[in-house]
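Student: Sequence:
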Amino acid sequence: MIEIENLTKTYQTSDGSVEALKNVSLKIEDGDIFGIIGMSGAGKSTLVRCINLLERPSGGSVRIDGCDMCSLSQKELRRQRRNITMIFQGFNLLMQRSCLGNICFPLELEGMKRADARRRAYELLDTVGLADKAKAYPAQLSGGQQQRIAIARALATNPKVLLCDEATSALDPTTTNSVLELIRDINKKFGITVIIITHQMSVVESVCKHVAILDKGEVAETGEVAEVFAHPKSAAARRLVFPESDGDFIVVKNAGERFIRVVFNGANATGTPLIAKMAVERGIEASIAYASTKSIGDKAYGSMLLGISGGEEKVCGAIEYLQKTPDIFAQEVLLND
Numbered sequence: 001m002i003e004i005e006n007l008t009k010t011y012q013t014s015d016g017s018v019e020a021l022k023n024v025s026l027k028i029e030d031g032d033i034f035g036i037i038g039m040s041g042a043g044k045s046t047l048v049r050c051i052n053l054l055e056r057p058s059g060g061s062v063r064i065d066g067c068d069m070c071s072l073s074q075k076e077l078r079r080q081r082r083n084i085t086m087i088f089q090g091f092n093l094l095m096q097r098s099c100l101g102n103i104c105f106p107l108e109l110e111g112m113k114r115a116d117a118r119r120r121a122y123e124l125l126d127t128v129g130l131a132d133k134a135k136a137y138p139a140q141l142s143g144g145q146q147q148r149i150a151i152a153r154a155l156a157t158n159p160k161v162l163l164c165d166e167a168t169s170a171l172d173p174t175t176t177n178s179v180l181e182l183i184r185d186i187n188k189k190f191g192i193t194v195i196i197i198t199h200q201m202s203v204v205e206s207v208c209k210h211v212a213i214l215d216k217g218e219v220a221e222t223g224e225v226a227e228v229f230a231h232p233k234s235a236a237a238r239r240l241v242f243p244e245s246d247g248d249f250i251v252v253k254n255a256g257e258r259f260i261r262v263v264f265n266g267a268n269a270t271g272t273p274l275i276a277k278m279a280v281e282r283g284i285e286a287s288i289a290y291a292s293t294k295s296i297g298d299k300a301y302g303s304m305l306l307g308i309s310g311g312e313e314k315v316c317g318a319i320e321y322l323q324k325t326p327d328i329f330a331q332e333v334l335l336n337d
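My numbering puts the last residue of the sequence shown at 337; the count rises by one with no breaks.
The hints are simulated quantities; they were obtained by calculation from the structure and are not laboratory data.
One or more hints might be untrue.
Derived lysine-lysine pairs resembling DSS-like cross-links, with alpha carbons at most 30 angstroms apart [what the hints assert, rightly or not]:
1) 135 <-> 189
2) 216 <-> 277
3) 314 <-> 233
4) 113 <-> 133
5) 22 <-> 209
6) 324 <-> 299
FRET-style restraints, in silico, Cβ to Cβ [as the list claims (entries may be wrong)]:
7) 199 <-> 316: 20 to 26 angstroms
8) 66 <-> 326: 36 to 42 angstroms
9) 223 <-> 273: 27 to 33 angstroms
10) 110 <-> 30: 19 to 25 angstroms
11) 282 <-> 327: 17 to 23 angstroms
12) 281 <-> 184: 35 to 41 angstroms
13) 280 <-> 227: 31 to 37 angstroms
14) 70 <-> 39: 26 to 32 angstroms
No experiment lies behind these values; they were computed from the predicted model shown.
Cβ atoms here follow ideal geometry from the backbone N, Cα and C, with glycine treated the same way.
Work out the full structure, taking the sequences as your base and the hints as a guide.
Tutor: Put into C-alpha cells, the structure is as follows:
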C-alpha cells in the first residue's frame with residue numbers, strides 16, 4: 001500500500017515561495033490502477049515525483065508498504081527505487097542503444113550477468129508485443145512502440161509500482177488506447193500497482209479504478225472512477241468531467257426548455273441510438289446542447305447535455321427512460337451548475 005499523508009512541497013523562486021502541494025493525503029491499495037488528474041499547474045507531476053523522492057517533499061510523509069521513503073539514506077533510496085519504476089511522456093530511451101540494450105540497461109546497473117539480462121529483456125519484448133524489434137533502435141520506432149520499450153525497461157527489475165507521468169500525452173488516440181490496454185494487461189498479469197498522472201479524463205475513464213482530482217496543489221476529490229464520473233462533488237471535478245459546466249460554455253436556451261445531463265459510464269454503445277429511440281417510443285424529443293462521448297470497444301463513455309421541452313412530465317419521463325439502460329445516469333441540471 002502507498003500512504004501519502006499531509007504531503008507538502010514548496011519551491012523558492014525569485015518572486016518568493018510557491019506551494020506546489022498542500023497537505024495532500026491519499027491511500028493507494030496494492031494492485032490498483034490509480035489516476036491522478038488535474039489541469040496544468042495542479043501539482044500532478046510534482047506529486048508523482050515526490051512518491052519516489054525524485055523531488056523531496058517539504059513536509060509530510062510517503063510510505064510504501066510501511067517504509068517511510070523520506071527517512072531513507074541515499075543508498076537505501078536507490079535500493080527502494082528498484083521497486084518503483086517510471087515512464088514518461090518523452091519515453092527517455094537511450095538513442096545509441098538498441099531496444100534490447102535499453103531493456104538490459106537497468107539490469108546491467110544491478111550487476112546481472114549479460115546472458116541473464118538478455119534473456120529477461122527478450123521475455124519483456126514479448127510481453128509488450130515487440131519481440132521482432134530487439135535489434136532496432138528507438139529512432140526506427142513509432143511513438144507507441146517507443147513507449148512500449150520504455151514500459152518493458154520499467155518492468156525489467158520486477159517493480160511493485162509503476163508510475164506513469166503523462167505517458168500517453170504525446171500519442172494519437174488509437175495508440176493511446178493500445179498502450180493503456182497494455183498497462184491494464186500488465187497490472188492484471190503481474191499485480192503491479194499503477195499510478196497514472198494525466199490531464200485527460202478519457203485516460204482515467206478507460207483504465208483506472210480509482211482517481212484523485214488535484215486542484216491548485218490540493219486534493220479536491222477522490223474515489224472510484226465510476227462514482228466520481230457520475231456524481232462529481234467538487235467544482236474541480238465538475239470542470240474536468242462536465243466541460244459544459246464551465247462558465248465559458250454558452251447554451252442558447254429556448255423558452256420553457258429544461259436540461260438533463262446524461263452520463264455514459266460503460267453503457268452498451270451498439271444498436272439504435274438511445275436519444276432517437278426515446279423520441280420514437282416515448283414521444284420525448286431532445287435537442288443536444290453539448291456532447292462529449294466516445295466508444296471503447298462496444299462501450300460508451302462521456303456525457304451529454306439534452307434540452308427537453310414540455311414541462312415536468314417530459315423531463316421526468318426522459319430521466320426514467322434513460323436510466324433504464326445499465327451504466328447510464330441522468331439528472332436535471334441548471335445551466336453552469
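Student: Now look at each hint and say whether the structure bears it out.
Tutor: Here is how each hint holds up against the structure:
1. For the proposed pair residue 135 and residue 189, the alpha carbon gap of about 26 angstroms is at most 30 angstroms, so the pair holds.
2. Straight-line distance between C-alpha atoms of residue 216 and residue 277 comes to about 43 angstroms, which puts the hinted pair past the 30 angstroms bound.
3. Annotation: proposed proximity of residue 314 to residue 233 holds, straight-line Cα distance about 27 angstroms (limit 30 angstroms).
4. Annotation: proposed proximity of residue 113 to residue 133 holds, straight-line Cα distance about 22 angstroms (limit 30 angstroms).
5. With a CA separation close to 24 angstroms, the supplied pair residue 22 and residue 209 stays within the 30 angstroms bound.
6. Proposed proximity of residue 324 and residue 299 is supported: the alpha carbons are some 16 angstroms apart, at most 30 angstroms.
7. Under the hint 20 to 26 angstroms, the C-beta atoms of residue 199 and residue 316, about 37 angstroms apart, miss the expected range.
8. With their beta carbons about 40 angstroms apart, residue 66 and residue 326 fall inside the hinted range of 36 to 42 angstroms.
9. Hint check: residue 223 to residue 273, Cβ distance near 31 angstroms, so the stated range 27 to 33 angstroms holds.
10. Checking the proposed 19 to 25 angstroms range against residue 110 and residue 30 shows it holds: the Cβ atoms sit about 23 angstroms from each other.
11. The given range of 17 to 23 angstroms is respected by residue 282 and residue 327, whose C-beta atoms sit roughly 20 angstroms from each other.
12. The given range of 35 to 41 angstroms is respected by residue 281 and residue 184, whose C-beta atoms sit roughly 36 angstroms from each other.
13. Checked against the hint of 31 to 37 angstroms, the pair residue 280 and residue 227 passes, with Cβ atoms roughly 32 angstroms apart.
14. The beta-carbon spacing between residue 70 and residue 39, approximately 27 angstroms, falls within the hinted interval of 26 to 32 angstroms.
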